[in-house]
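Using the sequences provided together with the hints, build the complete structure.
As they're listed, the protein sequences go chains A, B, C and D. Sequential numbering of the first sequence, starting at 54, is according to the numbering used here. Sequential numbering of the second sequence, starting at 54, is according to the numbering used here. Sequential numbering of the third sequence, starting at 14, is according to the numbering used here. Sequential numbering of the fourth sequence, starting at 14, is according to the numbering used here.
Quick caveat, the hints were computed from the structure, so don't treat them as lab data. Be aware that one or more of the hints could be misleading.
Computed footprint of chain C on chain B, listed as stretches where at least three residues anywhere in the stretch have a Cβ under 8 Å from a Cβ of chain C [said to hold, decoys possible]:
1) 78-88
2) 287-294
Capping the alpha-carbon separation at 30 Å, the derived lysine-lysine pairs in DSSO-like fashion look like this [claimed, not checked]:
3) Lys298(B) - Lys77(C)
4) Lys141(D) - Lys121(A)
5) Lys265(C) - Lys168(C)
6) Lys144(B) - Lys168(C)
7) Lys198(D) - Lys165(D)
8) Lys77(D) - Lys298(A)
C-beta: ideal position from N, C-alpha, C; glycine also.
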Amino acid sequence: MAEILSLHDAVARYVEDGATVAMEGFTHLIPFAAGHEVIRQGKRDLTLIRMTPDLVYDQLIGAGCARKVIFSWGGNPGVGSLHRLRDAVEKGWPHKVEILEHSHAAMACAFEAGAAGLPLAVLRGYVGSELPNVNDQIRFIECPFTGERLAAVPSVRPDVSIVHAQKADRAGNVLVEGIVGVQKEAILAATHSIVTVEEVVDDLDTHPNACVIPGWAIDAIAVAEQGSLPSYAHGYYPRNNRFYKEWDAIARDRDAFTQWIEENVMNAGETA
Amino acid sequence: MAEILSLHDAVARYVEDGATVAMEGFTHLIPFAAGHEVIRQGKRDLTLIRMTPDLVYDQLIGAGCARKVIFSWGGNPGVGSLHRLRDAVEKGWPHKVEILEHSHAAMACAFEAGAAGLPLAVLRGYVGSELPNVNDQIRFIECPFTGERLAAVPSVRPDVSIVHAQKADRAGNVLVEGIVGVQKEAILAATHSIVTVEEVVDDLDTHPNACVIPGWAIDAIAVAEQGSLPSYAHGYYPRNNRFYKEWDAIARDRDAFTQWIEENVMNAGETA
Amino acid sequence: MSHVEKSLDYTAGEMMTVTAARALENGTTCFVGIGLPSEAANLARLTHAPDVVLIYESGTLQTKPEVLPLSIGDGELCETALTTVSVPEMFRYWLQGGKINVGFLGTAQIDRYCNLNTTLIGDYTAPKVRLPGGGGAPEIATNAGEVFITLKHSKRAFVDQVDFITTLGFGRDGRGRDGVPNIGKGPTRVITDLCVMKPDPETRELVVVSLHPGVTAEQVQEATGWEIRFAETLESTPEPSARELEVLRALKDRTAQAHAGQ
Amino acid sequence: MSHVEKSLDYTAGEMMTVTAARALENGTTCFVGIGLPSEAANLARLTHAPDVVLIYESGTLQTKPEVLPLSIGDGELCETALTTVSVPEMFRYWLQGGKINVGFLGTAQIDRYCNLNTTLIGDYTAPKVRLPGGGGAPEIATNAGEVFITLKHSKRAFVDQVDFITTLGFGRDGRGRDGVPNIGKGPTRVITDLCVMKPDPETRELVVVSLHPGVTAEQVQEATGWEIRFAETLESTPEPSARELEVLRALKDRTAQAHAGQ
Numbered sequence: 054m055a056e057i058l059s060l061h062d063a064v065a066r067y068v069e070d071g072a073t074v075a076m077e078g079f080t081h082l083i084p085f086a087a088g089h090e091v092i093r094q095g096k097r098d099l100t101l102i103r104m105t106p107d108l109v110y111d112q113l114i115g116a117g118c119a120r121k122v123i124f125s126w127g128g129n130p131g132v133g134s135l136h137r138l139r140d141a142v143e144k145g146w147p148h149k150v151e152i153l154e155h156s157h158a159a160m161a162c163a164f165e166a167g168a169a170g171l172p173l174a175v176l177r178g179y180v181g182s183e184l185p186n187v188n189d190q191i192r193f194i195e196c197p198f199t200g201e202r203l204a205a206v207p208s209v210r211p212d213v214s215i216v217h218a219q220k221a222d223r224a225g226n227v228l229v230e231g232i233v234g235v236q237k238e239a240i241l242a243a244t245h246s247i248v249t250v251e252e253v254v255d256d257l258d259t260h261p262n263a264c265v266i267p268g269w270a271i272d273a274i275a276v277a278e279q280g281s282l283p284s285y286a287h288g289y290y291p292r293n294n295r296f297y298k299e300w301d302a303i304a305r306d307r308d309a310f311t312q313w314i315e316e317n318v319m320n321a322g323e324t325a
Numbered sequence: 054m055a056e057i058l059s060l061h062d063a064v065a066r067y068v069e070d071g072a073t074v075a076m077e078g079f080t081h082l083i084p085f086a087a088g089h090e091v092i093r094q095g096k097r098d099l100t101l102i103r104m105t106p107d108l109v110y111d112q113l114i115g116a117g118c119a120r121k122v123i124f125s126w127g128g129n130p131g132v133g134s135l136h137r138l139r140d141a142v143e144k145g146w147p148h149k150v151e152i153l154e155h156s157h158a159a160m161a162c163a164f165e166a167g168a169a170g171l172p173l174a175v176l177r178g179y180v181g182s183e184l185p186n187v188n189d190q191i192r193f194i195e196c197p198f199t200g201e202r203l204a205a206v207p208s209v210r211p212d213v214s215i216v217h218a219q220k221a222d223r224a225g226n227v228l229v230e231g232i233v234g235v236q237k238e239a240i241l242a243a244t245h246s247i248v249t250v251e252e253v254v255d256d257l258d259t260h261p262n263a264c265v266i267p268g269w270a271i272d273a274i275a276v277a278e279q280g281s282l283p284s285y286a287h288g289y290y291p292r293n294n295r296f297y298k299e300w301d302a303i304a305r306d307r308d309a310f311t312q313w314i315e316e317n318v319m320n321a322g323e324t325a
Numbered sequence: 014m015s016h017v018e019k020s021l022d023y024t025a026g027e028m029m030t031v032t033a034a035r036a037l038e039n040g041t042t043c044f045v046g047i048g049l050p051s052e053a054a055n056l057a058r059l060t061h062a063p064d065v066v067l068i069y070e071s072g073t074l075q076t077k078p079e080v081l082p083l084s085i086g087d088g089e090l091c092e093t094a095l096t097t098v099s100v101p102e103m104f105r106y107w108l109q110g111g112k113i114n115v116g117f118l119g120t121a122q123i124d125r126y127c128n129l130n131t132t133l134i135g136d137y138t139a140p141k142v143r144l145p146g147g148g149g150a151p152e153i154a155t156n157a158g159e160v161f162i163t164l165k166h167s168k169r170a171f172v173d174q175v176d177f178i179t180t181l182g183f184g185r186d187g188r189g190r191d192g193v194p195n196i197g198k199g200p201t202r203v204i205t206d207l208c209v210m211k212p213d214p215e216t217r218e219l220v221v222v223s224l225h226p227g228v229t230a231e232q233v234q235e236a237t238g239w240e241i242r243f244a245e246t247l248e249s250t251p252e253p254s255a256r257e258l259e260v261l262r263a264l265k266d267r268t269a270q271a272h273a274g275q
Numbered sequence: 014m015s016h017v018e019k020s021l022d023y024t025a026g027e028m029m030t031v032t033a034a035r036a037l038e039n040g041t042t043c044f045v046g047i048g049l050p051s052e053a054a055n056l057a058r059l060t061h062a063p064d065v066v067l068i069y070e071s072g073t074l075q076t077k078p079e080v081l082p083l084s085i086g087d088g089e090l091c092e093t094a095l096t097t098v099s100v101p102e103m104f105r106y107w108l109q110g111g112k113i114n115v116g117f118l119g120t121a122q123i124d125r126y127c128n129l130n131t132t133l134i135g136d137y138t139a140p141k142v143r144l145p146g147g148g149g150a151p152e153i154a155t156n157a158g159e160v161f162i163t164l165k166h167s168k169r170a171f172v173d174q175v176d177f178i179t180t181l182g183f184g185r186d187g188r189g190r191d192g193v194p195n196i197g198k199g200p201t202r203v204i205t206d207l208c209v210m211k212p213d214p215e216t217r218e219l220v221v222v223s224l225h226p227g228v229t230a231e232q233v234q235e236a237t238g239w240e241i242r243f244a245e246t247l248e249s250t251p252e253p254s255a256r257e258l259e260v261l262r263a264l265k266d267r268t269a270q271a272h273a274g275q
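The structure is reproduced here in structure tokens:
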């Protein structure tokens, strides 16, 4: 049953050093506020899972929180590279980060399989790609009915998943609307889950087939207004594209990055 | 690209004798009007797939359209047996009908896998059930990561799927709302598809994550007002529970059944 | 129906429903079968368990029907649900995904090891009676945390060996769940109009643990198709309260009224 | 960028986008990559192909953005879509389910057999440059009916052998799709700012079939990292029309304006 906590307390309670953490959001509803709280609390040795690690994972990696990143597309969307990710992988700063990479299709299926309680996902995938040469978690099985060779990947089952959503009601039921990504799957696949929301309302005021995650399937709800900026929240505020472009210069330089984190995360309150 | 046809023409064009047909609807939005048109056109040797064959399949079976039924729960919901199905299976009237039965979980996964373009569905299912003894399409595979034994069933890929929905717009995009069952999966898994709708409108007037099936994924749209009665259409009309109860007596008796079909299907127009 | 002596004014059916309802704790997520389980689960929700979460396989999550559904997919279930998901999602994410505490099932046949048969009476290739089939039950019984079963007590229903195991209780020898990974506890109680039974923790054979008021052990044996065991300390099932009866009767009245019009 | 002589007032980039746009037929369902493919696909929609169906991997089905998205999941894509589905559904039902006619991709590296590399330059364990990775491309390239590729022509991008096959063209030897069941045709054309290339029907090696106006074969060879073949009857790519240029420029202006404010 979802408990409404402060973001500080939710992260302190559920994100342990060494945990496998999925902070999801497919461009939309990226949980920046929660990611910053993880940085502020100095979490270490995290295995960070995400289809599209973007700026918030770049920040977590640069701040030294990550030991390993599992992903399928690691860039600054529409802008270029994630320089902190590259610096960690290529030069080992601030320390070496291991990577395990998939395709989007495989990770989407792996989240789906995790939510569905399965140990593996099966897909028509990776045909002719060299990714299976560098990721030993990609295997192939034979269909017992047709003999077709199909790709298999382990399901994603994080220790804790963190997503941002538009709103929760007082029982902790959460509405996710717009580009819903793999947020629902991330929550359902995880042992524990935190959802940050723009607001808590009396009534979700929605339609019969809305993407609503029941409160009893979530551990903690934390209010984080504008909690996905510079990403966006459909119906609340647009994407700050300018910041995405500015990040390129900040992240290219270790000192500029360190200073940015200091000013905008470490010395900021929970609203950052 | 969906073409807006009369129900007669849609069924005549896409339902061939001997075809594998899925008319789906999980209690809600059952395509009765379309089923009756199939009976009127005297289609034969159909393999009828459906999770919950109910009255409309009872009618199709009693009218001699079916050669085989693939299902997971064949009853009159809340009332009792499907007497035409039983009479065909137990006594071979009007002719012998073959059955292949699954559990709901397996069939739901098989529809999902069909929509997903996979040859099989994998599930944690059938543990300790004797259904695998009588259905050779249930097999078991070993997870290459965990060694766990998992059930596998072939995906459902009908020649033609028929569903009923609330409305279509003029481009043939269809809105399904309420209990959506496996309707979307049935359409996407099939080679051809027919959707009957209550009405064609200018604008579906819906929300960002509604269950909308694009017109280009459908072959034919046919208007069939009250086309799911005695089942119901969320937002349009309620379920005729009384008819479900009355059906029990009609279907128990071959003559009463034959007369009912004659009066209510054969001698009725497309609106039946 | 066997004769039951009762000190208060309620039927054996009401006794069964109230007892089944009481088994559901507040806050439980319950995957609800249609018919008796649905009646019991909604009575629980309307009495001691307002926060019980009722989930029907039609995709209706956390539903609060005003009247009992006739079918598993009545409009009422969708209209009063928190949200409604597709049937594949229901079985994959919510049941198989391990979100269900209790699966609440009825059955046509049940045997001493709690195996359920809803497939057919007789031989599979030449059935005497063809029943509706498995539906959701086979995976509810293995993917839910535990399973409650409720049905009327009769020799026809309580058989030594089911004709067909549609749904696993504990297998033909009581060992069907031993060593199987990623599986729920299975049946933990069976509630009838005569008594409450639980599987023996060792042998998994059903044991009567509680007799409903006025019911004798002989009556239970008479309605059971094998030599049924009784617990050493046999309880007497608590009677329904006036409030439970009132809520149940009002629910059934509302239901009859709503369905009469259709 | 190489020097290109043109008879009309348009850039090589505009020539590329217009040519890429023209490749998309009206009514096609197109799975659109971000960047150049997205620009071309939307130009097609705003000119000769009003009923082209644009699908982005963020889940936005049949979207009609007024301005070009900066990211694959801009709000604009959702707001103008027929509907938006989850990302697992997008990859399972729409891409893997065989609903996509054309996958439209960009890439960092491409080789003579049309294999794409978006993973890294150098060696996997010690990369010279780490690129973003596969994203949707590996399965777009195999599950879509066919694949169009658009990128700027340079020796850095057009290499004899990609450092890593992220996404299958026709494999290291051109035979990578032979005998593989349930797979699309793969790349059928590559559109650059200099020319249009197609795989040879036999060997699958890329062949220049059309030079953009004012571009010479030498310029193409100079920008290609292997000895590129030219078709026997080499076409001249038709020039952009005034209307195409007008629509493209208006689209880019609207986009710049919309993004400037954020």
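Going down the list of hints, with the structure as the test:
| no. | hint | verdict |
| --- | --- | --- |
| 1 | 78-88 | holds (count 3) |
| 2 | 287-294 | holds (count 5) |
| 3 | Lys298(B) - Lys77(C) | 24 Å, holds |
| 4 | Lys141(D) - Lys121(A) | 20 Å, holds |
| 5 | Lys265(C) - Lys168(C) | 27 Å, holds |
| 6 | Lys144(B) - Lys168(C) | 27 Å, holds |
| 7 | Lys198(D) - Lys165(D) | 23 Å, holds |
| 8 | Lys77(D) - Lys298(A) | 24 Å, holds |
Hint compliance for this structure: every hint is met.
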